[in-house]
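Undergrad: Please build the complete structure, drawing on both the sequences and the hints.
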Amino acid sequence: MSLELRGITKTFGSFTANDEINLRVETGQIHAILGENGAGKSTLMNIVYGLLKADSGEIFVDEKVIDISDPSDALRAGIGMVHQHFMLIPVFTVAENIVLGHEKTGKFGALDIETARSAIREVSKDFGFEVDPDAIVETLPVGIQQKVEIIRALIYEAKVLILDEPTAVLTPQETDELLKTMRELKAKGTSIIFITHKLREVREVADQITIIRRGKVVGAVSPQTSEGELASLMVGRTVDLAPEKHKHKIGEPILVAKDLTVRNALGAAVVKKVNFHVNAGEVLAVAGVQGNGQSELARALINLEDHVEGSILLGGNEIRGKSIYDSLHAGIAFIPESRELDGLVGSFSIAENLILDLHDQTPYAKGITLSAGVVLAEAEKKVKEFDIRLQSVSDAVSTLSGGNKQKVVIARELSRPVKVLVASQPTRGLDVGSIEFVHERVLAERDAGRGVILFSTELDEVMALADRIAVMYRGEILDIVDSNVTREELGLLMAGVASKKASV
Amino acid sequence: MRNSLSKFGQAIKLPGLSFALAFTLTGFIIAFSDSKVLSKIGSPLEFIKSAGATAGNAYLALFQGSIFDINLTKGHNFFQGFYPLSETIVIATPLILTGLSVALAFKSGLFNIGAQGQFIFGAIGASYVGFHFQLPIVIHVIAAALAGMALASIWGGAVGLLKAKTGAHEVILTIMMNYIAGYFILWILKTSQFLRPGRIDPIAPEVNQSARLPLLAGANLRIHAGIFIALVAALFVWWLLTKTTIGYKFRAVGANGQAAKTAGISVPFVLTATMAICGALAGLGGAVQVLGSEHALNADIAGSFGFDAITVALLGRAQPLGTVFAALLFGALHAGGRTMQSNTGVPLDIVLVTQALIVLFIAAPTFVRFIFKLKKMSSSAGLTSKGWNG
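Keeping their order, the protein sequence lines are chains U and P. Under my numbering, the first residue of the first sequence carries the number 498, and numbering increases by one thereafter. Under my numbering, the first residue of the second sequence carries the number 485, and numbering increases by one thereafter.
Read the hints as simulated data drawn from the structure, not as lab findings. Check each hint, because a few of them may be wrong.
[Claimed, not checked] Listed next, the in silico SDA-like pairs over lysine to any residue satisfying Cα-Cα at most 25 Å (straight line): (1) U:LYS683 - U:SER569; (2) P:LYS745 - P:ALA652; (3) P:LYS745 - U:ILE865; (4) P:LYS745 - U:VAL915.
TA: Encoded structure:
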């Protein structure tokens, strides 16, 4: 089945999210749509899937115009979508989730689950999925949950499958498996629209690439195009994909963690007796598949976790058990994993967010009163220094884009005297331009002689920035390796296979 | 200036429209619950005329009972016509203070249901110092008010401390502590320390003259200096929230406690400090009620000031100025309701219906927007949406 979009335009107020977009997906083609956050990819796909209505333009399926005003129209036309955030009910089984919204009843109104079960088994067999129809969804790994979504689309006979940022939540191994699945689907004649901002995956799997920038199609290229070219098309200027790492002298250990154990509220150890150190002027990356204790370890370093044993020495002084305030002011800058949840107060202005940690210190406060003038003036300075794009520092921080929000967090955290920067997934969800900025900033801190502990699940990021790489698996640091390790070796470590060589 | 004016307009749009809607609806209820009106249902014209007259009379009585009544000026000076307005303000004064208590808690992300109990302790403290000690004028009032505030502040602060240390939910805590306060006052009024000599019903001695708040408009009107205390308190809350580092912490924890904690703000401090200040505010309400209008502690001293405070704070959108206006409105409804009942026979309960409708409409902004075909407003909607997750 082929899908063609002609002249799709969608505006929100004065903002044009999609501007005369033309796109053609051939039968059995993997068509990648590449673009930064906010470029209009999701808007476009929501129009195709019937969640939004286009202002103008037409959608053709097999050369015939169709009218899609809600998702059921899309499903009927053979268009299925797997959302970035899964639309599954965690406590239901796979089969129950799949019949959801299409429930058929048998005798006396009993739910007919058996049909769904056998359909799931059939599709699973066709594609070599190992999905148990009776498994409870929340007990399944993320990669399998995604397969459940794909199975659902296939059972409802999707001929065009939209995958919205499908690899954002996957491990490298799961990503490889997904790419394999996509090729199999393609071989069986399913067309796939693959939305992503990850260049490597696009080049690996796509047949055709359409690049969208600020709501417009700015390029239709083949997968042979180099990553650098793709990135500059996406951003609209040349981008430095591999930031230059200056050789320089690495200093003395500045933060040392000894036998650090973190327990959750139930008393189970989520970080188990880990030992590591970071030197001044060094980036120690902590890699690992999400959910292996990295988040808790990062939080424990500034005493955000409640149940921690062991020792954290910062410049020789024990900081474990101190208050969060004292830990931060002892010289740790902390970029939390979720900027919206932990980094910023959304309804506060940008200026107010910039002093979240320093609001009761001079020059921002005199006694117990805030000096509004100073707060604004300092905010203006920070905005210039960190190139935060905004209309006014008095606007709510929630009005900023993801990249600019992260800049606010970074600007704030680096405005204290810093010995060590702890950055937890600092580029998650950011566009290429902002990622570039964060990377430069991280390396700048390293070059200025600070220790950097970078928690990241992105292999590319880890390999580009790290001097040494610690790999976490099930709460333990499996190994700490040098940065010249190969992707494959890292991948194995992340999957829990300890390596003998390359240890430092 | 224009900007701040339009901002003000935005802020009162929803409460204003909810208010108008509630009044219109109440008008229908008044008309339809009147048997005289219903008997004319056969002829539409007569019916409408009669319904309009009934509702109109009820609202006229409401106005006469809350703002100004020309009949009262007969035989007195013109000023006496404002007796209803004085009553409105007398009722509004403690409501402003309890309303501020609830509003301030909202700003820290706390749902303070406990203004009632805090009010009671404020009243107890003020009453005891008021009748038990002999102190010079001015100093006595201040000492009595401070005693009430201190007691209530401990009572309220305990909630914050318990929440900070044990994670217990403040809604449960404050509701339970209201019960304790409610029975505590019944018990204490029976002790020899508090029971007025020669009485067996639960009432304490009157506070000394030196401990009473001065009347503002002569002996015929009940309006007293408490209104100024309430207004100063509103100003204080505004200053605390917008101009101080403490208020900054409160607002940060209220808007996103997790981010505030991550940035090093002590959440236990904020919880305890907020509830202690909230307690002091509601306690001041109790003190003012004793020292200004009641003069003697009795079992029913708190009335429903602590509970109406929740409605008042919601109606005032948890803003100090908004809370003042909302409390005045409630004062007017209560004062006018009595006159409405005696003049037109429309029961006082109808005022409660109006109050309930106002709150209902404010809690359902989408509905009001739908009725008036308004666009989505950017103002701080969702005030109550986080109450239970605390």
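Undergrad: Hint by hint, say whether it matches the structure.
TA: Against the structure, the hints come out as follows:
1. For the hint linking LYS683 (chain U) to SER569 (chain U), the alpha-carbon distance of about 23 Å falls within 25 Å, and the restraint holds.
2. Pair hint LYS745 (chain P) plus ALA652 (chain P) holds up; C-alpha atoms about 18 Å apart against a cutoff of 25 Å.
3. For the given pair, LYS745 (chain P) sits about 20 Å from ILE865 (chain U) by alpha-carbon distance, which is consistent with the 25 Å threshold.
4. Using a Cα cut-off of 25 Å, the hinted pair LYS745 (chain P) and VAL915 (chain U) holds, with the two alpha carbons roughly 19 Å apart.
Every hint, counting from the list given before, is met by this structure.
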